[in-house]
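Throw the hints in and build the complete structure from the sequences for me.
Quick note on numbering that gives the first Met the number 0: the sequence shown kicks off at 0 and runs consecutively.
Note that these hints are calculated values from the structure, not bench results.
Quantities reported herein were computed from a predicted structural model and do not represent experimental measurements.
Keep in mind that the hints are not guaranteed to be accurate.
As the list claims (entries may be wrong) - The calculated label-pair distances, taken between Cβ atoms and stated as ranges, are:
1. E261 <-> S160: 20 to 30 Å
2. E171 <-> H65: 42 to 52 Å
3. A153 <-> P259: 30 to 40 Å
4. A101 <-> P174: 18 to 28 Å
5. D269 <-> T77: 42 to 52 Å
6. S275 <-> A214: 13 to 23 Å
7. D62 <-> A206: 43 to 53 Å
Just so you know, even glycine gets a beta-carbon here, dropped at the ideal spot from N, CA and C.
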Amino acid sequence: MCGTALVLTGTAATPAQAAGKALTPAWELRDSGSDARFRGLAAVSRTTAWAAGTKGTVLLTRDRGHSWRNVSPPGAGTLEFRDVEAFDARRAVVLAIGEGEASRVFRTDDGGTTWTETFRNADPKAFYDCLAFFDARHGIALGDPVDGRFRVLATGDGGRSWRVLPASGMPEALPGEAAFAASGQCVVTARGRSGGRDAWIATGGAASSRVLHSADRGRTWTVTGAPVPAGDPARGVFGLAFRDRAHGLAVGGDYRAGQPSERAAAVSGDGGATWSASARPPGAYRSGVAWLPRGRTTALAVGPTGSDVTTDGGRTWRAFDTGSYDTVDCAPDGGCWAAGEKGRLARLTARSGR
Numbered sequence: 000m001c002g003t004a005l006v007l008t009g010t011a012a013t014p015a016q017a018a019g020k021a022l023t024p025a026w027e028l029r030d031s032g033s034d035a036r037f038r039g040l041a042a043v044s045r046t047t048a049w050a051a052g053t054k055g056t057v058l059l060t061r062d063r064g065h066s067w068r069n070v071s072p073p074g075a076g077t078l079e080f081r082d083v084e085a086f087d088a089r090r091a092v093v094l095a096i097g098e099g100e101a102s103r104v105f106r107t108d109d110g111g112t113t114w115t116e117t118f119r120n121a122d123p124k125a126f127y128d129c130l131a132f133f134d135a136r137h138g139i140a141l142g143d144p145v146d147g148r149f150r151v152l153a154t155g156d157g158g159r160s161w162r163v164l165p166a167s168g169m170p171e172a173l174p175g176e177a178a179f180a181a182s183g184q185c186v187v188t189a190r191g192r193s194g195g196r197d198a199w200i201a202t203g204g205a206a207s208s209r210v211l212h213s214a215d216r217g218r219t220w221t222v223t224g225a226p227v228p229a230g231d232p233a234r235g236v237f238g239l240a241f242r243d244r245a246h247g248l249a250v251g252g253d254y255r256a257g258q259p260s261e262r263a264a265a266v267s268g269d270g271g272a273t274w275s276a277s278a279r280p281p282g283a284y285r286s287g288v289a290w291l292p293r294g295r296t297t298a299l300a301v302g303p304t305g306s307d308v309t310t311d312g313g314r315t316w317r318a319f320d321t322g323s324y325d326t327v328d329c330a331p332d333g334g335c336w337a338a339g340e341k342g343r344l345a346r347l348t349a350r351s352g353r
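So, in structure tokens, the structure goes:
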């Protein structure tokens, strides 16, 4: 497989890399022992990752994915987990989606040996989609519009308790607008600095795709359009990634199989205030996106029809894999993981180009 020059931070140097040969990314599938569909993923390090999916399934690996331990909350078999945020190999928070009481949040402090349900939605009109943390204490969870505005939960104690934020700081939603619980990336933060306050929301399903930004941990929001396919309930921005307060990536398109998604990616250099379509986007719908740490221009995007890499900050993308994945996440030490249907879990490696 021929690749362009690429530095995969966190991947051990090979003789080919040392000789200056081109490297291309590659997914190395790991046997999860599960047939669940994993749309929730949290990369802790090159050795440790959490995955959350259908049938109330939560898995944890601490050995680079060679083995996965089923650490699912007891009695959660009917729940649909769509997001997981992990602070380390012991502490994690998972979100179950659905109408009314199907939307729930659980937290573990002992690597999934025990779980505590910390939130159960009591509003039959609410439907929660994804969650994100600013640091180990402060986080938010995003719900679809209720009475015309997106609903946001907030926590200040690491997900042990939650409160609904006032709707007064949220712009009105467009008719049909919603968030997609496709990859755990419909709300994201610029993590990495303790005390961060910026968050972004991805939307779709309406006449235009939009991105909302908050600079005060979800209390007030501004909104701007994104040049990603819209005008149908199946189209919009499905995933976001910000490597700092300014530089962001958006991916999406039309999730229906066989439908074109000519403008499946966009970039921002001003914190999401404006977005530009990628000059050469992925060739199909993409649901997940992640920056490679320690670098400034390399990122990965994944979807049901394959994976792509950019080495120029999202302006152009190049396909490198045709496997089906729903979400991707990279740890601070450079370890990157992907997850998807039929128990698919993979770890990023690199191979020499020819």
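Is it true that the C-beta distance of E171 to H65 lies inside 42 to 52 Å, as the hint says?
-> holds (49 Å)
Does the Cβ distance between A153 and P259 fall inside 30 to 40 Å?
-> Holds: the Cβ-Cβ distance is about 38 Å, inside 30 to 40 Å.
Could you say whether the range 13 to 23 Å given as a hint is met by the Cβ separation of S275 and A214?
-> With a Cβ separation near 21 Å, S275 and A214 satisfy 13 to 23 Å, so the hint holds.
Kindly confirm whether 18 to 28 Å is satisfied by the beta carbon distance between A101 and P174.
-> holds (25 Å)
Determine whether the Cβ-Cβ distance between D269 and T77 falls within the hinted range of 42 to 52 Å.
-> holds (43 Å)
Confirm or reject the claim that E261 and S160 have a C-beta distance inside 20 to 30 Å.
-> violated (44 Å)
May I ask you to test the hint 43 to 53 Å on the CB atoms belonging to D62 and A206?
-> Holds: the Cβ-Cβ distance is about 48 Å, inside 43 to 53 Å.
The structure fails hint 1 only (numbered hints given earlier).
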